[in-house]
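Visitor: For reference, the chains in residue letters:
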Amino acid sequence: MRRCVSLLLLTLALTFRPAAAETAGIAVAANFASPARAIVAAFDGETRLSMGATGQLYLQISQGAPYDIFLAADQARPALALENDHAVRNSRFTYALGRLALFSRNSGMVEGPESLKSAKLRKLAIANPATAPYGAASIEVLRALGLEVTLKPKLVQGKNVAQAYQFAAIGAADMAFVAASLLADRQDGSRWHVPAAMHQPIAQDAVLLTRGEDNATAKAFLAFLKGPEALAIIRRYGYDAPIASPSD
Amino acid sequence: MDDIWQPIWLSIRLAAVTTVFLLVLGAPLAWWLARSRRRWKEAVAAIVAMPLVLPPTVLGFYLLLTLGPDGPFGFITGNGLAFTFEGLVIGSIIYSLPFVVQPIRNAFEAFGEKPLEAAATLGAGPWDRFWHVALPLARPGILTGAVLGFAHTIGEFGVVLMIGGDIPGETRVLSVAIYDYVETLQWRKAHLLAGGMVAFAFTVVLAVLMLNKRPTRQDAPS
Numbered sequence: 001m002r003r004c005v006s007l008l009l010l011t012l013a014l015t016f017r018p019a020a021a022e023t024a025g026i027a028v029a030a031n032f033a034s035p036a037r038a039i040v041a042a043f044d045g046e047t048r049l050s051m052g053a054t055g056q057l058y059l060q061i062s063q064g065a066p067y068d069i070f071l072a073a074d075q076a077r078p079a080l081a082l083e084n085d086h087a088v089r090n091s092r093f094t095y096a097l098g099r100l101a102l103f104s105r106n107s108g109m110v111e112g113p114e115s116l117k118s119a120k121l122r123k124l125a126i127a128n129p130a131t132a133p134y135g136a137a138s139i140e141v142l143r144a145l146g147l148e149v150t151l152k153p154k155l156v157q158g159k160n161v162a163q164a165y166q167f168a169a170i171g172a173a174d175m176a177f178v179a180a181s182l183l184a185d186r187q188d189g190s191r192w193h194v195p196a197a198m199h200q201p202i203a204q205d206a207v208l209l210t211r212g213e214d215n216a217t218a219k220a221f222l223a224f225l226k227g228p229e230a231l232a233i234i235r236r237y238g239y240d241a242p243i244a245s246p247s248d
Numbered sequence: 001m002d003d004i005w006q007p008i009w010l011s012i013r014l015a016a017v018t019t020v021f022l023l024v025l026g027a028p029l030a031w032w033l034a035r036s037r038r039r040w041k042e043a044v045a046a047i048v049a050m051p052l053v054l055p056p057t058v059l060g061f062y063l064l065l066t067l068g069p070d071g072p073f074g075f076i077t078g079n080g081l082a083f084t085f086e087g088l089v090i091g092s093i094i095y096s097l098p099f100v101v102q103p104i105r106n107a108f109e110a111f112g113e114k115p116l117e118a119a120a121t122l123g124a125g126p127w128d129r130f131w132h133v134a135l136p137l138a139r140p141g142i143l144t145g146a147v148l149g150f151a152h153t154i155g156e157f158g159v160v161l162m163i164g165g166d167i168p169g170e171t172r173v174l175s176v177a178i179y180d181y182v183e184t185l186q187w188r189k190a191h192l193l194a195g196g197m198v199a200f201a202f203t204v205v206l207a208v209l210m211l212n213k214r215p216t217r218q219d220a221p222s
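The listed protein sequences correspond, in order, to chains Y and L.
Residue numbering for the first sequence follows this note's numbering, starting at 1 and increasing by one per position.
Residue numbering for the second sequence follows this note's numbering, starting at 1 and increasing by one per position.
Hints may contain errors.
[Unchecked claim] Chain L regions said to be covered by chain Y (calculated; three or more residues, Cβ under 8 Å):
id: 1; stretch: 164-170
id: 2; stretch: 174-184
[Unchecked claim] To spell it out: a stretch of chain Y is covered by chain L in this simulated footprint if at least three of its residues, at any positions, have a beta carbon under 8 Å from a beta carbon of chain L; those stretches are:
id: 3; stretch: 25-38
id: 4; stretch: 45-54
What the hints contain is simulated information worked out from the structure, not anything from laboratory work.
Owing to the predicted nature of the structure, the values given are computational and were not obtained by experimental measurement.
Even glycine gets a Cβ: it sits at the ideal position worked out from N, Cα and C.
Just chain L, with the same shape it has in the complex (with noise of 0.2 Å):
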């Protein structure tokens, strides 16, 4: 059972790091995209978006290549950051970031310009406005971001499975325990993990649907 926990515990901890560096990236990035007036912002946007229409295996390759000994980020560990966790996790933090950076996008261009108006009126400077009128007011958009960015890094595989190196306990997660387990005929391991990962997915989709319908502070009744 030790193999089944051990991928399991990985996954967790992969998706916990990755979605906290994706909600200290991911928020200042969509407050600038939501906020700037610069035309080409909307081709950062792109470059962020563009892990939703890349095959995971295309960004597993240049990202094989960009994190290994030969790669620019080779100097850092000699060895190069391919097939270690932390390679993982710089992978993850590019896959997911779309998913994290989106709807706080949405969020913050949701309640426009007047808070943020009344709060410089009030002697507000930008840090300020930031930290404590558009970050609380983003808030279910933060909290969906952020489950959304720890679920989809907990699906992640073709990535893993490329720059990953299947070892167990560093970069053997659990999609891709699963692959080995249906790849070695244990199919009643395998169906234990993909079981649970089906019960797990219902639960995230159902608790972003729940998050994002509960009715906010301005329109609830009183």
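Only chain Y is shown next, with the shape it has when bound in the complex (with noise of 0.2 Å):
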């Protein structure tokens, strides 16, 4: 039976074949899929794109998973990847400032800051505070407001900003906290724009991965990434494109 295990897992690893060269494989956190997508249909060069949740994205790297840009929601996970070697030393930059929005699909419901008070809000979502950066940002703009003890009750979180927004969406809360770049493509409902300067920035840098060393594709991609084409597809998805990149 042993035998026959070991046969077997012997021939799967025999009959199949690992993929081409290359081709830059991308794993690119979920709230940047569609920028990332636009991004690639302008990028002249064969790229594959993966997407996830940042901290899943980093365990799959952490165990080998096959791509040479990692594009993280966050700077914690590229920073990682830096020091357990899983990333190419020099190449950690800034590629795109995430932007708050207070949204409602109700016309007329979200008109500033002073909405959070009315008695219409009953529930209020936001993203993981604890594991979301839009979380964490969304409570220090309550806090910044005073209104982070009143509102408590009427919180309501969702595994992240995307879900957050899906609540807000089909109307199961009022109210939610989100990524401006959730709301590029919709008109309707209403929205306050949170000004950058109540909220520690939501930086999202992006990283070469050690697999990727040697790839010129995903050079050229990371380089394309920082041009002026690159960052007038970030800014029409609502992000702010990165005034000086932080480097190691």
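Join these two chains into a complex; the hints should help.
Guide: What follows is the structure in structure tokens.
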């Protein structure tokens, strides 16, 4: 039986093939998937997009996942990838700054920060502040407005910012703190664009992974990501373009 | 539309390959579980049934570490089996094993000793008895097991999410594609796939119910 199983595994391993060379495998955080698709379409080179939650992607990278580039939703995981030798030294940079918006699917419901005091607000959705940068930023904004305590009983948490948005989009929550990027292609409802100064910047970092060290396509893509064409796409999708890149 | 068909086709391929392996491994295992008199066989049965209780994330997490480059199987491909179609096959076999072994074991146990004793009296060896007596008698159970194993693999999500890595054409199966579409707010595509899954699930469950209801030769009116 034992021999049977190892034989089986061996057959499996031999019959199937590893993929081709110079394609750049890009692991992208779910919140950036749409702009990433647009950027990849404008980029001249073979790429392959895989999406997921940042933490999940990091776990898979640490287990040898076939990605050359990591576009994370935060700065922590790319830094961790560098620390654990999964990424190439000095390759980390901020590619986008997330913007927060307060959204309701009803027009007139959200007019500004004062709408948070409205009696019509029964449930306010936010992303999990412990794991999602947008969730932590939402709490910061509530604190800055002095509403953290009064609104606590009304808060509902999504697993991530996309889920918080979905709660508001289907009407399960009256309002939600969402990524402005999620509202990029809808005009209906009402929204308040939270000033960037009200919370810590939501910086999203990119890093070249060790596996892509000699991959010319991957390097070209990272250069393209810093260029004016990509930055215009990033802005169009509701992010701020980074002003200066932090280096390691 | 291409990006909708790719995960469908991949899931069907994964489920088909997995089902073949499940039957080849599951039938003898079910036979042993049904016939053996060893005390610890129920411990083996419990191990086989464990995926019913464990969250797929537990299975996926340990499989990821096992199949990764540092795991015991890392030496086979150098880079490990995680994030490959083969890795998904291994994960799916473990995950769907109880759905195949249980109905087949029940079928083996249902027909009792008599047909086998009769075959032995007529000079049939153990292999002959298994192949020509037990397997044909257990056919409804084997069919049910195959259908359930196939369907359960089609619907697999948690394990693939952990060990797959969302690679188009390789590990982005149906359920993961639906998750991606929901996450990126492409609800129309999500509806197409999710609605299709609902119809598929209904068909499968109905098929299993009909399979189990079909009269066997013995109790059919003659």
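Visitor: Establish whether the coverage given for the stretch 174-184 of chain L by chain Y is satisfied; the threshold is a Cβ-Cβ distance below 8 Å, and no fewer than three residues must meet it.
Guide: holds (count 4)
Visitor: Three residues or more, CB to CB closer than 8 Å: is that satisfied between the stretch 164-170 of chain L and chain Y?
Guide: With 5 residues close enough to chain Y, the hint holds.
Visitor: Quick one: see if chain L covers the stretch 45-54 of chain Y, three-plus residues with Cβ-Cβ under 8 Å.
Guide: holds (count 5)
Visitor: For the stretch 25-38 of chain Y, count the residues whose Cβ lies under 8 Å from any Cβ of chain L; is that count three or more?
Guide: Result for this restraint: holds, n = 5.
Consistency note: the structure conflicts with none of the earlier hints.
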